[in-house]
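Engineer: First to last, the protein sequences are chains A and B.
First residue of the first sequence: 3, per our numbering; consecutive thereafter.
First residue of the second sequence: 298, per our numbering; consecutive thereafter.
No lab work stands behind these hints: they were computed from the structure.
Possibly wrong hints are sitting among the right ones.
[As the list claims (entries may be wrong)] Which bits of chain B does chain A cover? Going by a derived footprint, with three or more residues having C-beta under 8 Å, they are:
id	stretch
1	328 to 341
2	357 to 368
3	414 to 427
4	446 to 460
5	531 to 542
6	545 to 557
Model, not experiment: these values are computed from the prediction.
C-beta atoms are modelled at their ideal positions from N, C-alpha and C, and glycine is treated no differently.
Here is how the chains run, residue by residue.
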Amino acid sequence: MKKWLCIALALVLCVLPLAGCGAQAEKEELIVYTWTGYIPDDVIQAFEEETGINVIYNSFETNEEMLAKLENTNGGEYDLVLASDYIIKLAGDKGLIGELDKEQIPNLKNIDPLYQGFFYDPENKLTVPYAPGIPLIVYDPSRVSCEITGYSSLWDPSLKDSIAVMDSTRVINGFALKTLGESFNTEDLDKIRQAGDKLLTLAPNIRLLSVDQTHEYLLNEEVSVALLFTSQVALALQGNPNLKVVYPTEGLGFGVDAMFVPSQAPNADNAYAFLNYILDGKVGAHISEQILYLCPNQAAYEFLPEAFADSLKITGSDIPNGEFIMDVSADAAELHNQIYTAFKAACGQ
Amino acid sequence: MKKRFLKKPGAGIAAVPLWMFTLVFVAGPMVYMLILSFLTRDPSWGVVNEFTLDNYAKILNPVYAGTYLSSLKLALSTTAITLVIGYPFGYFMARLSEKWKKRLMMLVVVPFWTNALVRMYGWIIIFRSNGLLDKLLMGLGVTDAPLRLLYTYPAVLVGMVYALLPFMILSVYSSVEKMDWSLVEAARDLGASKARAFWTVTAKLTLPGVLSGVILTFIPSMGLFFIADVLGGGKFMLVGNLIRDQLFSARDWPFAAALAVILTLLTTLFLWLYRKITHVRDLEGIL
Numbered sequence: 003m004k005k006w007l008c009i010a011l012a013l014v015l016c017v018l019p020l021a022g023c024g025a026q027a028e029k030e031e032l033i034v035y036t037w038t039g040y041i042p043d044d045v046i047q048a049f050e051e052e053t054g055i056n057v058i059y060n061s062f063e064t065n066e067e068m069l070a071k072l073e074n075t076n077g078g079e080y081d082l083v084l085a086s087d088y089i090i091k092l093a094g095d096k097g098l099i100g101e102l103d104k105e106q107i108p109n110l111k112n113i114d115p116l117y118q119g120f121f122y123d124p125e126n127k128l129t130v131p132y133a134p135g136i137p138l139i140v141y142d143p144s145r146v147s148c149e150i151t152g153y154s155s156l157w158d159p160s161l162k163d164s165i166a167v168m169d170s171t172r173v174i175n176g177f178a179l180k181t182l183g184e185s186f187n188t189e190d191l192d193k194i195r196q197a198g199d200k201l202l203t204l205a206p207n208i209r210l211l212s213v214d215q216t217h218e219y220l221l222n223e224e225v226s227v228a229l230l231f232t233s234q235v236a237l238a239l240q241g242n243p244n245l246k247v248v249y250p251t252e253g254l255g256f257g258v259d260a261m262f263v264p265s266q267a268p269n270a271d272n273a274y275a276f277l278n279y280i281l282d283g284k285v286g287a288h289i290s291e292q293i294l295y296l297c298p299n300q301a302a303y304e305f306l307p308e309a310f311a312d313s314l315k316i317t318g319s320d321i322p323n324g325e326f327i328m329d330v331s332a333d334a335a336e337l338h339n340q341i342y343t344a345f346k347a348a349c350g351q
Numbered sequence: 298m299k300k301r302f303l304k305k306p307g308a309g310i311a312a313v314p315l316w317m318f319t320l321v322f323v324a325g326p327m328v329y330m331l332i333l334s335f336l337t338r339d340p341s342w343g344v345v346n347e348f349t350l351d352n353y354a355k356i357l358n359p360v361y362a363g364t365y366l367s368s369l370k371l372a373l374s375t376t377a378i379t380l381v382i383g384y385p386f387g388y389f390m391a392r393l394s395e396k397w398k399k400r401l402m403m404l405v406v407v408p409f410w411t412n413a414l415v416r417m418y419g420w421i422i423i424f425r426s427n428g429l430l431d432k433l434l435m436g437l438g439v440t441d442a443p444l445r446l447l448y449t450y451p452a453v454l455v456g457m458v459y460a461l462l463p464f465m466i467l468s469v470y471s472s473v474e475k476m477d478w479s480l481v482e483a484a485r486d487l488g489a490s491k492a493r494a495f496w497t498v499t500a501k502l503t504l505p506g507v508l509s510g511v512i513l514t515f516i517p518s519m520g521l522f523f524i525a526d527v528l529g530g531g532k533f534m535l536v537g538n539l540i541r542d543q544l545f546s547a548r549d550w551p552f553a554a555a556l557a558v559i560l561t562l563l564t565t566l567f568l569w570l571y572r573k574i575t576h577v578r579d580l581e582g583i584l
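Isolated chain A, as found in the complex:
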């Protein structure tokens, strides 16, 4: 009797995930592929209600995973992909991105031209910017005794064991290069080597390298200085308004996560409908105030809530100062890899 009950239960568990599949098979579909939770749920729901299109949200962990999948399926299987600038460039070079049908996306006019014409899509034919950002230094003035003006301030001996940085090879190597007055994307191997040596002397000040939620460490006083992405800067300030934000004098980094429609997208029309929907001013503002990246939608500016109006918009003068991190030659990439591994190992000493 018990045995049968067990078998029956096991069967039910096996069948459970299949339930609910049948009912929606007829509906129009839109298969979105991006990081978990990057597109707010309520935006997706509202879109589904308005258009009757069923959105299927597939997620990846890293840009690299996304490109590998996209390559395996030859640009098919997904209708809309949201990923980072440098990987979009790679995908575009491989012909995996389809040209946008601008007729179907009248709201394209709402995009702030500040966020267009970048290296991954110079003619604005392939992508829609979704989340632009600038990594900044944020610190707690009550627990820091030195003055922080830029990346070089992080080397101050008074900051021993009190800095959190994002665990990202090119971002960290990049700011060391900036302190040497170099570009993030320099091909000069000697300069990269110098940056590596410089990073080794920063190691004693690093308390942790974090993959995400870096602002949390600042808020719970695990560290007093942190290098944060845009959304984290906003969250940190929300948690503690007394924190100070520094725009490093050596130069800013800049990155854009953008959306594109793969070349063989099965439901490209639905993807255009979705792009048009999120480019609406009100919807755009609603997205930006949730994901807390810069708002690339100029029609949305007037709808941004007071509290974030400043942190979600930047002035045109900041952009020329910002530099993208782009792919470098194999030799430079290998050296980046090496100096970063050495830096991490030195942090653990």
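Position chain B against the provided structure of chain A, taking the given hints into account.
Structural biologist: Chain B in isolation, oriented as in the chain A frame:
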């Protein structure tokens, strides 16, 4: 080989799923990894079918070779500590009454019901600045400022030992439980002291259990890297971290494969050494 299989009629066919599984999920990926490790990386993305030994040559670079050393150091210290804690635990557990054995066994196994990563977050709550431990120590007046325990080597070590201790306990337990106690009694009857009886009889008889415990803790601890990430704040560069970085951020798959091949070889070498040193042939059901 074939003859041994045919001894029991039907064993050949019954073993087919086992062989299929081994081929598809063990041998297949290993061969794939081995081939990949000799190919060349495409500068932008993916792999080019060109034979090279560069990936292995690169491992000799002190920056990369050093990650093996730190992994080895962490694995050996983890194994040593689990042995010191796990042996007495397993030993005394085996000597309890049936009722208490069951209860204790339950307590050892219960943590496995929760995901290991989640359990590591538990340690964060204990270790973090102004966390449980800090509050306790400061409340008792032992310390007067947060100890900054998190993101240090000892924190990583605690996490590793915590995650792997049950394997040691259970291995020791099973070999102590099976032991023939009349042999110890005989040694005592013949005049051996308690300590001597333990060393000459109990320790020798439970060695296979200890060894399987050592292997079950040593092998995973060579590869476990999320604990070093979560409790060490990403500062401890182990081979596992390096392989992950090569796969997901540097996009150098052949190098990652070469690192993994060497890791596999190193681990195998260590297993072989253990067996040589301890002269144990049959490990409690794992080799």
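Engineer: Next step is simple, just say for each hint if it's right about the structure.
Structural biologist: Hints and how they fare:
Here the stretch 328 to 341 of chain B counts 3 residues with a CB under 8 Å from a CB of chain A, which clears the bar of 3, and the coverage holds. Closer than 8 Å: that is the beta-carbon criterion, and the stretch 357 to 368 of chain B has 6 residues meeting it against chain A, so the requirement of 3 holds. As drawn, the stretch 414 to 427 of chain B meets chain A at 3 residues by the rule of a beta-carbon pair under 8 Å; at three or more, the given contact holds. For the stretch 446 to 460 of chain B, the stated coverage by chain A is satisfied: 3 residues place a CB nearer than 8 Å to a CB of that chain, which reaches the threshold of 3.
Closer than 8 Å: that is the beta-carbon criterion, and the stretch 531 to 542 of chain B has 7 residues meeting it against chain A, so the requirement of 3 holds. With 5 residues having a Cβ less than 8 Å from any Cβ of chain A, the stretch 545 to 557 of chain B passes the three-residue criterion, so the hint holds.
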